[in-house]
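All chains, full assembly: derive it from the sequences and hints.
Quick mapping for you: the protein sequence lines, in order, are chains A, B and C.
Under numbering that gives the first Met the number 0, the first residue of the first sequence carries the number 0, and numbering increases by one thereafter.
Under numbering that gives the first Met the number 0, the first residue of the second sequence carries the number 0, and numbering increases by one thereafter.
Under numbering that gives the first Met the number 0, the first residue of the third sequence carries the number 0, and numbering increases by one thereafter.
Everything labelled a hint here was simulated from the structure, so no lab data went into it.
There could be a bad hint or two in this list.
[What the hints assert, rightly or not] Covered by chain B, per the in silico footprint, the following chain C stretches (three or more residues, Cβ under 8 Å):
no.: 1; segment: 44-50
no.: 2; segment: 141-148
no.: 3; segment: 240-251
[To be verified] Once the Cα atoms are required to be at most 25 Å apart in a straight line, the calculated SDA-like pairs of lysine to any residue come out as:
no.: 4; chain 1: C; residue 1: K196; chain 2: C; residue 2: D210
no.: 5; chain 1: C; residue 1: K118; chain 2: B; residue 2: I33
no.: 6; chain 1: A; residue 1: K132; chain 2: B; residue 2: L254
no.: 7; chain 1: B; residue 1: K233; chain 2: B; residue 2: I33
no.: 8; chain 1: C; residue 1: K118; chain 2: B; residue 2: L19
no.: 9; chain 1: C; residue 1: K196; chain 2: B; residue 2: E159
no.: 10; chain 1: A; residue 1: K268; chain 2: A; residue 2: E286
no.: 11; chain 1: A; residue 1: K268; chain 2: A; residue 2: I217
no.: 12; chain 1: A; residue 1: K76; chain 2: B; residue 2: P186
no.: 13; chain 1: A; residue 1: K183; chain 2: A; residue 2: G117
no.: 14; chain 1: C; residue 1: K252; chain 2: C; residue 2: R87
no.: 15; chain 1: C; residue 1: K118; chain 2: B; residue 2: L26
no.: 16; chain 1: C; residue 1: K118; chain 2: B; residue 2: M251
no.: 17; chain 1: C; residue 1: K252; chain 2: B; residue 2: A232
Treat the numbers as computed from the prediction; the structure is a model and nothing was measured.
The C-beta atom is built at its ideal place from N, Cα and C for all residues, glycine as well.
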Amino acid sequence: MSDRAMIQIENVSKFYGIYKALDDVSLSIAEGEFFSLLGPSGCGKTTLLRSIAGFENPTTGEIYIDGVPSLALPPNKRPTNMVFQSYAIFPHLDVAENVAYGLKRLKLSPEEEKKRVGDALDMVRLSGLGRRKAHELSGGQRQRVALARALVMRPKVLLLDEPLSALDKKLREEMQVELRTLQKAVGITFILVTHDQYEALALSDRIAVMFDGRIAQIATPKEIYQRPRTRKVADFLGGMNFLKAKVLGEQGNAVSIDTARFGAVQLVKPQGFATSDGHVTVGIRPERLRLLWDDDRAPHELAGRIENRAYFGEVTHLTVGIDGLEQPLSMVETNNFGADDLPIGAEIRLAYDPEAFVLLAEDPPVSRL
Amino acid sequence: MSLLTQRLRFIPFLPIYVALYFLFLYLPILLLPIFSFNNAATTTFPLAGFTTKWYASLSGNSVMLEAAWNSLIVGLSVSLLSTILGICAARAITRHRFRGQRAAAGLIMAPLFLPEIIVAVSLLMIVLAMGVELSLVTVILGQTVFCVPYAMSVLVSGFEGFDRSLEEASYDLGETAIGTFRRVTLPVVAPAIVSSLLVTFTISLDEFILAFFLSGTEPTLPVYIWGQLRFAAKLPGVLALGTIMLVVSILMLTLAEILRRRAERRTQLAHALP
Amino acid sequence: MTAAAFGPIAETSSPSRRRAWMRSEEARGLAMISPTFLYALALLFLPVLIVIAYSFWTQNYLEIDRTFTLENYRQALTEPIYRDLFVRSLWISLTVSVVTVVFSYPVAWFISFHGGVHKNLWLFLITVPCWTSYLLRVMSWKVILGYGGVMNTGLISMGLIDKPVTSLLYNSNAVVITLVHSWAAFAILPIYVSLQKVDRTLIEAARDLGDNRIKAFFRITLPLSLPGVISAFLIVMIPTVGDYVTPRLVGGKDGVMIATAIQAQFGKAANWPLGAALSVTTMVLVSLSAAAVVLALKFAIRRIK
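Written out as structure tokens, the structure reads:
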């Protein structure tokens, strides 16, 4: 991955009538980066991807691909190629003909064309299946054909529109590993659209989380999971306990707050942080709370009682009621020590790390009209 | 439960009924070929022996051959015209959403829901009111109105599954709009188009009322047959001619059905998810 | 995404906006359908309008008098000959459509529920006879039902009767039989389509809740397939009312229908306005009776639940 920007999106908005599908989106994606657009359906992520590909015309703004302003270019003139959600395998052509489809325009010599098709099929591990028809392929194989067909064009950017959503869980996990390996091997920019947070976390160098046509946060997977900027981002990325807290004081980049029962905590101010009435929301992930057994002691602990329990195989999800808190806390405990055997109503103690709290900014109001 | 009712339960009433229904459907069209080979001028049982003389008599019948030629011209023109119009309408309906879509489609499909005589009478009136001479051209124009709904039904079912992302994938891989039409759209929907051509040709070949009202002095085959029906002696010849038309129709329909299914398989595949 | 469904909102007519509209979904859809639509407009809608216009005019030998008159309708509705033809045509088309739907329903049900993997083949076999020449099929029925025809000579040679039955041909029964045969596939297809849409688990749910097979059929399958029954009914009833070939070939004197009278006005009698008025009246009457039957059907189905 280099520092050179491969995709530069500047103030892109897309209106359908007065409905805002994209609302002033700006971002930059580096050469060789694996970048994900993550969000719920209808958040504008697919519209953004299709704008880069050239299938949507943003109402305002500009998209630079490798430094070239590209909005005026039709899809067939852009150095991007796409893997469609439905894969869009041409049903009247076999695998090799599908892969060679775009090469035909390049007027290569027959040997050169054959070699490039062969290489592309090797790369996605489909060698030997060149003569198969689309209907003779499994879902995973179709996806590989779609990948090979796009990569054989040697695009500067590969666009992937929910490429794994049609596969079953096991195959999806296999393909995730393969996709990441493939991206490292070809070294070009991949932009992935997905609504699956685990997929985005596992694959990406960076993730942009989108809501309501706007970008809520762009960061590395680790940062986005551990330091979500707003409550919505935190919620979308996984389980989170939200707590009301009172601001005690601000010093530069740090804020001291007081959360009922957890005591005073010093936290880093997120970007766009502001408090009007001296109250804020903080969050702590369920797995950052830990059960204390028998004589275990921790610097920060809290007493509570099990209200509910759900067994998930490798872990148990616990709901713990704490006196003085409006909402019970969720926590996740591995089943090494017998958390799955705790009776409901049992009195327990739990440990926490004040560092694990995240201060969350308010989400902007939703208005797409 | 008594033994009788238990026994009754095992009689496959419904399959027997369906078999009888099929017999009812096929009886009339099976009789034509049977009597066309019967060595008698009347259509009575028992059969009088095998002959091909009725077929032989057709080959020297210049009026009939003229009518057959007219039918061929009309059939080819109608199938081409109605399929082209059907393609436009089917594509508009399966690919685009616009106001007035239902109304437009309703008007185009209306001939299916109108007594044919009314369509024929109104066409006759407008043709004569405009001072146009009745000819094969007027038959072609009229039968096209009648055939477009059928073409459209065949084509809509062929286009319906055609995934828009197939065309987008083609643009994405560097192909132009014309190239995409030639390399993706046309090959994928080709079976549906051919199927529509065959179906509309068959309808035109067999269509009588519009041809009867609009053909003037140039009869098509059904109009010719109509003229022959008054003469009992001509019946066996008509039966032979009818048998040939029947075989042609069934062959074309079978071919159309095979192609339609292939089209369906292709387009279903194009967007089928595992 | 979902936003595409919102469509363009009313726009001001600046040139760039107009260009944007030209590229829009709506404009392309309209452009695409317009050749077919205009064709239907010119050769279907416009002619029907002219028929309606003519029905209010008068013919004086070769001249058309364009003063508005209801005289043609008075004739069409009061003269006994036309009144009888209307009544008979409506009665025959009603009988044909009821018989066709009732006899076709079990077949459609059988294909839909027991057709197995070859449903398409079954449907194809059903439609084949209907696609072959209408004229030839009617002619074939004439051969079957005639005095010296297949049915009579066949039954005689089997020894079941000893002299030909005369009541087979040249009456309205012969017309009904022939028309039922002609329209069978048109009734089966819509019924089949609506039966295919019936969620099979609904029937299982009804059985689970205590209905037997027959009850479940009347309470679930039949009401849910009603749209198919109604369209089958309409697609048979409306066109048959104006059938020309069948009454002429197998109807005899007793089976004449309104189309013969309409045709006569455009041929021998050469009274276009009266022919136009007869056509319009036919359409209005058949639409009204079809609407009445559809309402009755819906009402009956509601009672079953």
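Evaluation of the provided hints:
no.	hint	verdict
1	44-50	holds (count 6)
2	141-148	holds (count 5)
3	240-251	holds (count 6)
4	C:K196 / C:D210	21 Å, holds
5	C:K118 / B:I33	29 Å, violated
6	A:K132 / B:L254	23 Å, holds
7	B:K233 / B:I33	16 Å, holds
8	C:K118 / B:L19	18 Å, holds
9	C:K196 / B:E159	17 Å, holds
10	A:K268 / A:E286	23 Å, holds
11	A:K268 / A:I217	17 Å, holds
12	A:K76 / B:P186	24 Å, holds
13	A:K183 / A:G117	20 Å, holds
14	C:K252 / C:R87	12 Å, holds
15	C:K118 / B:L26	22 Å, holds
16	C:K118 / B:M251	20 Å, holds
17	C:K252 / B:A232	23 Å, holds
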